[in-house]
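Chemist: Working from the sequences, and respecting the hints, build out all of it.
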Amino acid sequence: MKLLLVEDDAALARSLLRSLTRLGWQVEVCDHGNAALALWRSTQPDVLLLDLSLPGQDGLNILAQGRRAGLATPVLILTARGTVGDRVLGLNTGADDYLAKPFDLDELEARIRALHRRNPENTEKSGSPTRGTSVISYDKDSNAIYHQGQVLELTPRELAFLKPLLLRPGHAVSKERLFELVFPGSVEVQFEAVEVVAYRLRKKLVGTGAVLMTLRGLGYLLKLKE
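For the sequence shown, the working numbering begins at 5 and goes up steadily by one.
Worth flagging that the hints you see were computed from the coordinates, not collected in a lab. Hints are not guaranteed to be accurate.
[What the hints assert, rightly or not] DSS-like cross-link-like pairs, simulated, lysine-lysine; straight-line CA separation at most 25 Å:
1) 105 to 144
2) 167 to 144
3) 179 to 229
4) 229 to 105
5) 207 to 227
[As the list claims (entries may be wrong)] Pairwise CB distance ranges, derived in the manner of DEER restraints:
6) 217 to 84: 31 to 39 Å
7) 60 to 160: 47 to 55 Å
8) 42 to 227: 14 to 22 Å
9) 180 to 117: 41 to 49 Å
10) 60 to 210: 30 to 38 Å
11) 148 to 26: 38 to 46 Å
12) 188 to 32: 24 to 32 Å
13) 73 to 199: 19 to 27 Å
14) 28 to 203: 26 to 34 Å
15) 23 to 148: 13 to 21 Å
16) 92 to 113: 23 to 31 Å
No residue lacks a Cβ here, since even glycine has one placed at the ideal position from N, Cα and C.
Modeler: Dropping the structure here:
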């Protein structure tokens, strides 16, 4: 497993590097917010461990930028900000889990393993089938989505909408994030336009075993039949 640890506390970073490396994992360490996003892109880690209070750029900023750029890496936030409001903000920004400092190393290991198991992209890297392969699957090399070996005929916007949902089936993706992915940099497009894309995509998924669900107040979720 390959991890990226973004942590500016040198003593804690050294301790975690030592402990996680002993587990046989490859760990890259970054101690500055301004370098974190570029390193996230270049290393393509299996799990990102992200502190929030960083020099140069706040961890939530980094997380939001990464999600807007389509980086689907599972993110575990490690921070001393332990209030409910901080946890909700982190999860709404795109984090997958939250661990308040100080934490137990055994719990950290368990949460990392859980995030790694849940991510279909990590299964692809090992050469095993992705989750939902019997229904629909995403091929990174061709940037296409397949159903029973046949390419689904999707527009670029429908593809941009479906990809983050397929990479995390059963998990809600906010309407705001999907809008940013489907209409990047568009200032004249109405926010409701994402609903039109969802409507058209839902019709194309009929008969594939994949169901696009609308979760009021949360966004959209892709449900795959077993």
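Chemist: All the hints need checking, so say for each whether the structure fits it.
Modeler: Right, here's what the structure says about each hint:
For the given pair, residue 105 sits about 36 Å from residue 144 by alpha-carbon distance, which is inconsistent with the 25 Å threshold. This hinted pair checks out: residue 167 and residue 144 have alpha carbons roughly 10 Å apart, not beyond 25 Å. As the CA atoms of residue 179 and residue 229 are separated by approximately 23 Å, the hinted pair is consistent with the 25 Å bound. A hinted pair counts as satisfied when its Cα atoms are at most 25 Å apart, and residue 229 with residue 105 does not qualify at roughly 38 Å.
Between residue 207 and residue 227 the alpha-carbon distance is near 15 Å, which keeps this suggested pair within the 25 Å criterion. Take residue 217 and residue 84: their Cβ atoms lie about 36 Å apart, and the range 31 to 39 Å holds. Against the hinted window of 47 to 55 Å, the Cβ-Cβ separation of residue 60 and residue 160 comes to about 34 Å, which falls outside the hint. Between residue 42 and residue 227 the CB atoms are about 35 Å apart, so this pair departs from the stated range of 14 to 22 Å.
Take residue 180 and residue 117: their Cβ atoms lie about 30 Å apart, and the range 41 to 49 Å is violated. At about 48 Å, the CB distance of residue 60 to residue 210 disagrees with the hint of 30 to 38 Å. A C-beta distance of roughly 40 Å is found between residue 148 and residue 26, which places it inside the suggested range of 38 to 46 Å. Roughly 27 Å separates the CB atoms of residue 188 and residue 32, a value that falls within the hinted 24 to 32 Å.
At about 23 Å, the beta-carbon gap between residue 73 and residue 199 stays in the expected band of 19 to 27 Å. A hinted range of 26 to 34 Å is violated for the C-beta pair residue 28 and residue 203, which are about 47 Å apart. Remark: the range hint 13 to 21 Å for residue 23 to residue 148 is contradicted by a beta-carbon distance near 40 Å. Between residue 92 and residue 113, the C-beta spacing of about 25 Å keeps the proposed range 23 to 31 Å intact.
In this structure, the earlier hints numbered 1, 4, 7, 8, 9, 10, 14 and 15 are contradicted, and the remaining ones agree with it.
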